[in-house]
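Which chain is which? The protein sequence lines are A and B, in order.
For the first sequence, the working numbering assigns the number 537 to the initial residue and increments by one for each residue that follows.
For the second sequence, the working numbering assigns the number 91 to the initial residue and increments by one for each residue that follows.
Don't read these hints as lab results, they were simulated from the structure.
There could be a bad hint or two in this list.
To be verified - Here chain A is said to cover these stretches of chain B; the calculated rule only asks that three of the stretch's residues, wherever they fall, bring their Cβ under 8 Å from a Cβ of chain A: (1) 110-118; (2) 181-195.
Stated by the list, open to error - If you anchor each label on the Cβ, the simulated ranges turn out as follows: (3) A/A1144 with B/I102: 19 to 25 Å; (4) B/E134 with A/I1124: 34 to 40 Å; (5) A/N1135 with B/I178: 17 to 23 Å; (6) A/A1149 with B/R124: 27 to 33 Å; (7) A/A1144 with B/R183: 31 to 37 Å; (8) B/I102 with A/I1124: 43 to 49 Å; (9) A/I1124 with B/D155: 42 to 48 Å; (10) A/N1135 with B/T187: 16 to 22 Å.
Glycine included, each C-beta is placed from N, C-alpha and C at the ideal position.
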Amino acid sequence: MHQLWLIPAFPLLGFLINGIFGKKFSKRAVSLFAVGSVLLSFLWVVKTLMAISPLETLYTEHYFTWIASGAALNIGFDLSVDRLTSVMLLVVTGIGSLIHIYATGYMAHEPGPNHGGYYRFFSYLNLFMFFMLILVLAANYLLLFVGWEGVGLCSYLLIGFYFVKKSATNAGIKAFVVNRIGDFGFSLAIFLIFIQFGSLDFQKVFAQAGGLADEVQAGVITATCLLLMVGAAGKSAQVPLYVWLPDAMEGPTPVSALIHAATMVTAGVYMVARSAPLFNHAPIAMEVVAVIGLLTAVMAATIGMTQNDIKKVYAYSTVSQLGYMFLACGVGAYSAGIYHVMTHAFFKALLFLGAGSVIHALQGEQDLRNMGGLRSKIPVTFLTLLCASLAIAGFPYTSGFMSKDEILVAAHHHSPAMFWIGVITASMTAFYVWRALFLCFFGRYRGSAHPHESPLVITLPLGVLALLSILGGFFRVPVWLEPVLGKAPEGHDPALVIISVAAGLIGIFLAWLFYVAKPGLPDTFARALKGLYTLVYNKYFVDEAYDAVIIRPVVDGSRTVLWKGFDVGVVDGIVNGVGSVSRGVGGILRTLQGGSIRNYAALTLLGAVLVLAAVAFTGGAQ
Amino acid sequence: MPDFSLPAAVPISWYLILSAVLFTLGIAGFLLRRSIITVFMSIELMLNAVNLTFVTFSYKLKAVDGHIFTFFVMVVAAAEAAVGLAIILTVFRNRSTLEIDEVNSLKL
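Extracted from the complex, chain A is given alone in its bound form (with noise of 0.2 Å):
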């Protein structure tokens, strides 16, 4: 036994802690508790996973029968670790120990009663946090599933964690209900999965995923794993279901990069990645993966170019990415995406942060209309934001031009359409990186506010980030996943990666061109292209279409037909019948007590003649 439990406990233990106690404890003592117990949690995750090693298949360590009922259904508490794992696990525990240092530098003026909820804020994070190592260390689709949701719990209470803001909590419902139609989707795939294999053990699926009929394959497999990705669309903000993603920026910056950049979101991934086995039965599901994953990266890159604020261009920039990670998916190159995975929370993460640090530094504005110039003013956060940036952009050796190299190369042996598109689409996302970067940084200052740089708990874990994204591509997951995802479509094509790198140049240098060297110019496109830049600055209209033909006939079709009709007209009326007509029978029943004895004794009389006569009829009492 290694003690994988004692991973999650840590979290929870801080949450505990700083739940329950919090309130009463300094800012210093919360920080400390938070802080601590991620930490911790991450040098077991270390020490484990070299005690552990090599890894190459699944380790398992059951603790308790959950639930179990008659001979069928038997699922334990058991956790488990191999390659897949280990690597969402130092992820997650090192991001999350950075992001927890940072935010306690990020929050630490928040107005209002105990220090803006401090002690409530980093409870939250440490539930998060206990949540995702669950998702991430479970040994069967039950008990990701509880992770799953409460990630989801933990990204709905962050996302609204500025309660007494409308948008805030509208964002936060916003997120709960999309989540809710990817949640049911995974649902139905467990019990599929259930019904056709007879456990939801990772390891007792897996093993008879391989040995079923044909039509079982085609029919069932293919049924569970577009249920599964379902789910994976909804957590992972994929099209039709990535809405809620962009307004969940409403929560603090350090939920944006812990929650919706780094780990949570990538959670779609990981499932899919671990349910690869299944999926490499469903070929029409993985092509539906890919499609889907394109579709979104490009979808949302073209968002990402016309957005002012600074969080939502990021955010876009998130569902772009994660567009990307399916693609790798969908092309059979689980281990490429896993990479993305891992490099994106190391750029996207200190994108999100820098942001913060940016945001900090000028009081709250996010608008980048509003800033400009800030090189010189805030160089800590400046110098971390363009390792980032070229990171994202695919900038030689980077971490992102590795992962990303290693995507489109799979989806070139996929299908050429597949590269090209993911080539426009890494250019556009050079371009509105960049975009953000320029209009932050260079320029002059448009802005009001007095910017001053971070103090040093935000600063260290930018710079850590910033030497990551640069230097994070030589963990070569990909080579380090063979043995539990298999080998990745090989061939380097030297033109396959000049093209993805000059397309990402030539972002970079179309956004140089058009918010610095001629500042003009964007205007100057969005008057001739009106249409198109309405159409894709107000998000394609997305929400809108989905208020039209979603939510107002749900609102109003429960009005009129569920409240005004059914409620009121059958369920009440039923309720007030009842009542009315025993109000009649007894008006009627009444005239018989009337009071007088003597009428009482005659219908006794009669009731006794009645029996006898009846008694008498049937032929006695014998």
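With chain A held as given, fit chain B onto it using these hints.
Quick look at chain B alone, frame taken from chain A:
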């Protein structure tokens, strides 16, 4: 010439007929009389008619059960007489009447 000679013992049927006559008289009194006291006495009459039936069958079947039951009925009748007379007294005190049709306030 019909045989008017009496049988050696009184036949069972005569007891039963007497009992039925008494019971019917009780019912008639119960239903038709207006004074509560008379109604009450009619009830006693019905009880005693039943007692007679019990005793008759007990004698006929050579079993003691009927006798025992008769004693029970007599005990209950005595208790009932006590309670019933107390009620009648109270009713009379409160309403100054023993007309059974006047005492009809127990209704909705």
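- Looking at the structure, which of the earlier hints fail to hold? 1
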